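Using the sequences and the accompanying hints, generate a full structural model.
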Amino acid sequence: MPHNPVDRRAVLGLGLLACAAPLTSSAAQLTGAGMVWRANQSAWPTATDLRASYVYFTADEAAFVEAACARIVPADATGPSAVEAGVPLFLDRQLAGDYGKGARWYMQGPFGKNTGTQGYQSQYPPAGLYRVAIKAIGDHLSRDNGAPFHKRPAAEQDAFLKDLSAGKVDLGADADGKAYFTLLLQNVMEGYFSDPIYGGNRDLSAWKMIGFSGARYDQRPYVLAYGKPYPLPPVGIGGRPAWSVKG
Amino acid sequence: MRRTVLAFAGAALVAALPARIVAQQPVARGLVPPAAATTATEPSQVAQGRYLAILGDCEGCHDRPGGAPFAGGLPLPTPFGTIYSVNITPDRETGIGAWTADDFWNAMHRGVRADGAKLYPAFPYPYFTHATRAESDALFAYLRTLPPVSYRPPPNKLPFPLNIRFLVSIWNALYFKADPAPTTGPTRGQHIVQGLGHCGGCHTPKTFLAADKTGHELEGGDIDNWAAPALNADVRTGLGAWSTPEVAEFLKTGRNVHANGSASMADVIVHSTSKMTDADLAAVGDYLRAHPDHAAATAAPPPDPKVMAAGEAIYVDECAACHAVDGKAAPTYFPPLPGAAVTQSRDPTTVIRFILSGTQTVATDARPTPLSMPSFGWKLDDAQVAAVATYVRNSWGNAAPVVSASAVAKLRRKVAAKPVQKPSASI
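Chains as they are written, first to last, in the working numbering: chain G, 1 to 247; chain W, 1 to 427.
Because the hints were derived from the structure by calculation, they are not lab data. Hints may be right or wrong, so weigh each one.
[Stated by the list, open to error] 25 Å max Cα-Cα, derived DSS-like pairs, lysine-lysine: (1) Lys-113/G with Lys-101/G; (2) Lys-206/W with Lys-414/W; (3) Lys-328/W with Lys-228/G; (4) Lys-151/G with Lys-135/G; (5) Lys-246/G with Lys-228/G; (6) Lys-206/W with Lys-246/G; (7) Lys-410/W with Lys-246/G; (8) Lys-208/G with Lys-306/W; (9) Lys-328/W with Lys-306/W; (10) Lys-178/G with Lys-135/G; (11) Lys-101/G with Lys-178/G; (12) Lys-168/G with Lys-151/G.
[To be verified] To list a few chain W residues with every Cβ distance to chain G over 12 Å, as calculated: (13) Gly-116; (14) Arg-152; (15) Pro-301; (16) Ala-313.
[Stated by the list, open to error] Computed footprint of chain W on chain G; a stretch qualifies when at least three of its residues, placed anywhere within it, have a C-beta under 8 Å from a C-beta of chain W: (17) 39 to 48; (18) 217 to 224; (19) 236 to 246.
Owing to the predicted nature of the structure, the values given are computational and were not obtained by experimental measurement. Backbone N, C-alpha and C define an ideal beta-carbon position, used for all residues, glycine too.
Laid out in structure tokens, this is it:
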């Protein structure tokens, strides 16, 4: 076989170039000159105003969501209900914002039935799915005996939600009941356990329940403290009650 | 605002001084010592002048962002109004190209322009008067070698009557003594600190007319909403706990085991001290560490235990990640707080401002990473900032007067545009 060092060098050189190109660009990003620091600058989250009323939910939607939240996470000895923890307010604010609009998602067709291994498949962004599904649930229940969801006894509410989660409730062509329940359950958990700055997890109650210490940057002093109770209470992005002098 | 009003009152008061006192100032052109023997500019003289421009941090004021070096135009906020630094390139029309070495000496030594008009003491001639005639000539020789830049800075924004340059004579009568026989000082360090280095420009407390308070040199100043720490032998608020090599390291690299340079000092480190010789830095360190502290120790009331408890909660949750629960932090990366001068400064402005607005460590050739502290002004309200500031000033052996929420509110209005965002009503 003829030996051809020139070709091999050329190939190696090209390979080196290909490797070097991304290295130089990332090196440029790491130099101090490009890092701009400004006083008073922080990427702070928008806090939820807990005093305000719902901005997305209609009165009927709020009644359904509150009733469903109370059944998905009822109050017991370990912690408050989802309603007491502020989850409906969290849901309202999330649906009114970019999450509700699916602002960062691909929301073009084709829209098909979820095969079970796919992500979100609805033609509606989350806010739209809440609107369509709650309306369809109301229509569905009024066909039975007229009582809306939030006026039914807890046992009936539980049974309906179980049917919804199992795909046994036909909400018509426009709304997939199982898909909606999956989304609602996910969102209720998010609201219950997210930082209180977003409206849920009021008084850090969910974090106290599970012993999560919250928005802390550094656990080094406690990592090797085997057999000792963790000393710090939960703290949210916005702080905790001990930050202020009670007076 | 209060200071401006005071300044007017002061100007009116001193205007009533007998003309005799005002006339005591030496006539500008009468007492000029002879220029250095050589009339032709020597390369060694230019090299010396270039180094003296570094010592004097000329570029700290005479460079504006985006402008040519030494061409001036940087707005200098003073308690009385904005003064723009002048063009000191050798342009004949807009710079000092038409000046002689005598004219330059008169500016440095007496605060007088070539046309005889008074310079405002924003140009620190009360310090530069300590420079020798040979140093003044070398500096001038260096400035003559710069490319002339045609640039005229904006007019100063000073209210009447402060826009009348003649009134500087009154200020001079009160606060300025041109020394016809310039001292070189007993030590090199003193010569730098009191002369071209003009450290007291920021680090010495000021009178209501922005002159240095006599007898309180380097006890810590209040300038442009910063508290410049004391540069003296005080162990808590000064450099008493630093060794000379540590002072030199701070000035050379921007950091040492005690502190990180930032804020207004960052410019000084970049343009001036990081380029000084090791011998000069050591001389400065020796002088500052030995400089006595005359400030009267005031017995501050002890902090309220409830405020300390709130401050500790905030500190453990928000500050301990970098500064550590025991405050010892990671020296030369994140500055330790026990014993820190900025933390225990009598005037808490800087520690409040760091918490409100954050800060960034200066980047130097030796320490190129500009480590930064984030702003906490958006999540802590005034009482919370005051509590955590009081806590760090009075923990781990530190002791300093408590910080009030009203002091935080006042500074927040001046330096932090964003109002505090109350994160949530429920916590």
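Hint-by-hint comparison with the structure:
1. Lys-113/G with Lys-101/G: Measuring from Cα to Cα gives roughly 20 Å; hence the hint holds.
2. Lys-206/W with Lys-414/W: holds (20 Å)
3. Lys-328/W with Lys-228/G: holds (23 Å)
4. Lys-151/G with Lys-135/G: holds (16 Å)
5. Lys-246/G with Lys-228/G: Outside the cut-off at roughly 30 Å; violated.
6. Lys-206/W with Lys-246/G: violated (39 Å)
7. Lys-410/W with Lys-246/G: With Cα atoms ~23 Å apart, Lys-410/W and Lys-246/G stay inside 25 Å; holds.
8. Lys-208/G with Lys-306/W: holds (24 Å)
9. Lys-328/W with Lys-306/W: holds (24 Å)
10. Lys-178/G with Lys-135/G: Cα-Cα ~15 Å, so holds.
11. Lys-101/G with Lys-178/G: It holds: about 20 Å lies between the C-alpha atoms, which stays within 25 Å.
12. Lys-168/G with Lys-151/G: holds (21 Å)
13. Gly-116: holds (42 Å)
14. Arg-152: Arg-152/W clear of chain G: closest Cβ-Cβ about 30 Å, beyond 12 Å.
15. Pro-301: Per Cβ check, Pro-301/W is outside 12 Å of chain G; nearest 16 Å; holds.
16. Ala-313: Nearest chain G Cβ is 4 Å from Ala-313/W, so the label is violated.
17. 39 to 48: With 7 residues close enough to chain W, the hint holds.
18. 217 to 224: holds (count 3)
19. 236 to 246: holds (count 11)
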